[in-house]
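Start from the sequences and build out the full structure, keeping to the hints where you can.
Mapping the sequence shown onto the UniProt record's numbering, position 275 (from 1) lands on 275, and the numbers just tick up by one.
If you're looking for bench data, these hints aren't it; they were derived computationally from the structure. Small disclaimer: the values here were computed from a predicted structure and weren't measured. Be a bit skeptical, because a hint or two may be false.
[What the hints assert, rightly or not] Under the rule of at most 25 angstroms between Cα atoms (straight-line distance), these lysine-lysine pairs were calculated in the PhoX-like manner:
| no. | residue 1 | residue 2 |
| --- | --- | --- |
| 1 | K359 | K338 |
| 2 | K255 | K430 |
| 3 | K338 | K310 |
| 4 | K330 | K255 |
| 5 | K430 | K531 |
| 6 | K33 | K80 |
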Amino acid sequence: MINILIPIKVINRYSSIYLAEWENSPLCWNKNKYERDTNIMDRMVNLKYLYNSQNITKEFLNNEIKQYSMSFIENNNIPKIYGISQDPDTKKYMMVLQDGYCRECGGKYAEIKYKSCILCHIKKDLGENFSNRTSKNEKIDEFIQEIQLEINDRKGIIFEWIPCDQFNNIKEIGRNLYSALWENGPLMYDLNEKKWIRVEGKEVKLYNNIFKMHGITQNSDSKDYVMVLQHEEYVESYCKTCIEEYTDIKHRWCKLCQIDYLRKYFTNWSGNEKIDEFIQEIQLRINHPNDIVFEWIPYNQFMTIEEIGKGGFATVYSAIWKNGLLHYDKEWKRGSDKKVALKCIESQNVTDEFLNEIKAYSMNKCGSNIIKIYGISQDPSTKNYILVLQYAEGRNFNNWMNKCYKDFDWDNKIRTLYNIIIGLNEIHKKGMVHRDFHTGNILFEYGYVNKYNDTYISDMGLCGEIGNADKSKIYGVMSYMAPEQLEDNPLLNESLALDICYGIKPKLDELEAPRCYIEIMQRCLDSDPYKRPDAAEIEDIIYSYNFSLNEEIKKQFEEAEEYRKANLLPIEIIQSATHPQAINTSRLLNPYLPKCDNNVNSECLDCTI
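In C-alpha cells form, the structure reads like this:
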C-alpha cells in the first residue's frame with residue numbers, strides 16, 4: 001500500500017523513477033511460512049511509474065514486469081520486483097523495485113549488490129574529457145543522456161556526443177557513407193587497470209541508418225547530424241553496394257543486389273514470353289544464398305544423354321550439364337559437368353499444368369525431401385519441353401529394393417520412411433496433395449544402404465491444391481490409390497480392378513514387422529479416410545520410433561529384425577509374388593471399385609513388402 005512508502009526524491013526524470021523508503025520490508029520464506037524480513041537494514045526501494053496505467057491490462061503488466069527478477073537468488077544486473085502500488089492522488093500504478101538506480105546520476109547500477117554505477121565511474125576516470133561534451137541541442141543531449149542512463153554492462157558501447165574535429169582521414173565509401181579515424185576513440189573498460197580508457201585511432205563509419213552506434217556528431221560545415229557507427233558492425237551486417245542490411249549476414253548475401261545481378265547479366269532465355277516471365281517470377285523468390293537459381297538451359301548444354309525410365313506421361317534421361325548449376329560463394333559461380341535428370345514432357349505447349357509442376361518441385365539446395373528442379377530446356381528436334389531435375393543415383397524405390405533388400409534392415413526402413421513422410425508433409429503444408437504417390441516416384445540419393453541415404457519425392461506433375469481435383473479424371477497407379485478415389489466411377493477393366501483393389505489390405509504376421517508398425521499401417525489403410533492419420537501425425541509417430549527410449553518399442557524392432565534376417569527370400573521369389581497383371585505406371589484411370597471393408601484378415605494379391 002502507498003501509505004507505507006515514503007517518497008524521498010526523483011532519481012531518473014526520463015523514466016519517472018523515485019527513491020523511497022519502505023516502512024515494512026519484503027516477504028520471505030522462514031522455515032514453514034512467509035514473514036517480513038526484519039533484518040534488512042537498507043529499506044530503500046525504487047518506485048517506477050507505469051505510464052497510462054489507470055486502465056491496467058494483463059498484457060501491459062506482463063510486458064513491464066518480465067524485465068525484472070522475481071528470484072531470491074541475487075542477480076547483479078537485474079533488479080528484483082517486490083510488488084505493485086498506486087499513487088492515491090494521480091491513481092497511477094507503480095512498480096516497487098529493488099534499489100537498482102544510482103542516487104547521483106539516476107543510471108542503472110552495473111552491480112546492484114555493490115551499488116556500482118558505470119556512468120559515475122566513467123565521469124570519475126575521464127573527468128572533463130567526458131562530462132563536458134554536449135551538442136548544444138537540448139533534444140539531442142536529452143536523448144544521449146537517456147541512453148547513457150540505461151548502461152549497465154562494462155562490455156557494452158558507451159553512447160556519447162563526439163565533436164566533429166575528432167575525425168581524421170574521412171573517405172567516402174558509399175552513398176551517404178564515410179569511413180574515418182576517430183582521434184580519441186571509443187570508451188572501453190580496461191580489466192587490468194580497472195578503469196575506463198579510450199581506444200585511440202579507431203576506424204568508424206559515418207552514416208545515417210540503424211547500426212550499433214558509438215554516438216552522434218555534427219558536420220561543422222553543413223550542420224547535418226551524423227551517427228558514428230562501429231566499423232566491424234557495418235562490414236558484417238550491411239551490403240556495400242546498396243547499404244541495406246544483408247538478407248543473410250552469415251554469407252554476406254543481399255537479395256536485392258543478387259536479383260538485380262540476375263536481371264542484368266542473365267543471357268539465356270527461351271524466346272517464349274510466357275516461359276521467360278515465369279522464370280523471372282521464380283527467380284524473384286530466392287531468399288537464401290543456397291536457393292536454386294531457376295533458369296532456361298539451352299539443350300546444347302547437355303551431353304551423354306541416356307534413357308533411364310519411361311512413365312505414363314514422360315520419358316526420363318540422365319545427362320551431363322556442361323556448365324552446371326549456379327551457386328553463391330561471395331559471387332555467383334558454376335560447378336561444371338553436373339549430372340542431372342531430364343524429364344521430357346510430350347508436349348510442345350506451355351500449359352498451366354506444366355508450370356504448376358515446376359512450382360511444386362523444391363528449389364532449396366539442402367534440407368528438402370522433394371526432388372530439386374534446376375530449370376527448363378527444349379528438345380530442338382521434337383520441340384518438346386524438358387524439366388531439368390536433380391539426379392538420384394539410387395533410382396526409384398522399386399529398382400533400389402531389387403539390389404538392396406538383403407541389407408535393408410528395420411533401422412534403415414524406419415529412417416527411410418521418416419524421410420519420405422517429411423517430404424509428403426512438406427507438400428501438405430503448402431496446401432497441396434501429390435495425387436500420384438507410389439514407390440515408382442520415391443527416389444534414393446545413393447544406390448546402396450546407407451544411414452545418410454536421403455529419399456526424394458518426384459513426379460510432381462499431378463500435384464495440386466487440396467480440394468481442387470477433377471473427379472472425372474482419375475490418374476495414378478491403381479494399387480496405390482485410396483479406394484474412395486475409385487468408387488462410383490464408370491467401369492474400366494473391371495476384372496483387373498477386382499483382382500488388385502477389392503477393398504483388400506496387406507496382411508502381416510506380427511513376427512514380420514513390429515506390432516507398433518502394424519498398428520499404424522492398419523490405421524493408414526482404414527476404409528474411412530477420416531480415421532486415417534495425416535502426414536504430420538505419421539511424421540511424429542515415425543520420429544518417435546527412430547529415437548524411442550521405450551524398451552518395449554526397441555524389443556519389437558529387434559525381434560522383427562531377427563525374423564527378417566532368418567527368413568530372407570531370394571529376390572526372384574519376392575518378384576514372382578507380384579500379380580502378373582499389376583501395372584505400376586501412372587496413367588489415366590476411370591475404374592469401378594466396390595465398397596471396401598476394414599477386415600484386417602483379408603488377403604492381398606499384390607502387397608508384398
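Cross-check of the supplied hints:
no.	hint	result
1	K359 with K338	holds, 22 angstroms
2	K255 with K430	holds, 23 angstroms
3	K338 with K310	holds, 22 angstroms
4	K330 with K255	holds, 13 angstroms
5	K430 with K531	holds, 22 angstroms
6	K33 with K80	holds, 21 angstroms
In this structure, none of the earlier numbered hints is contradicted; all agree with it.
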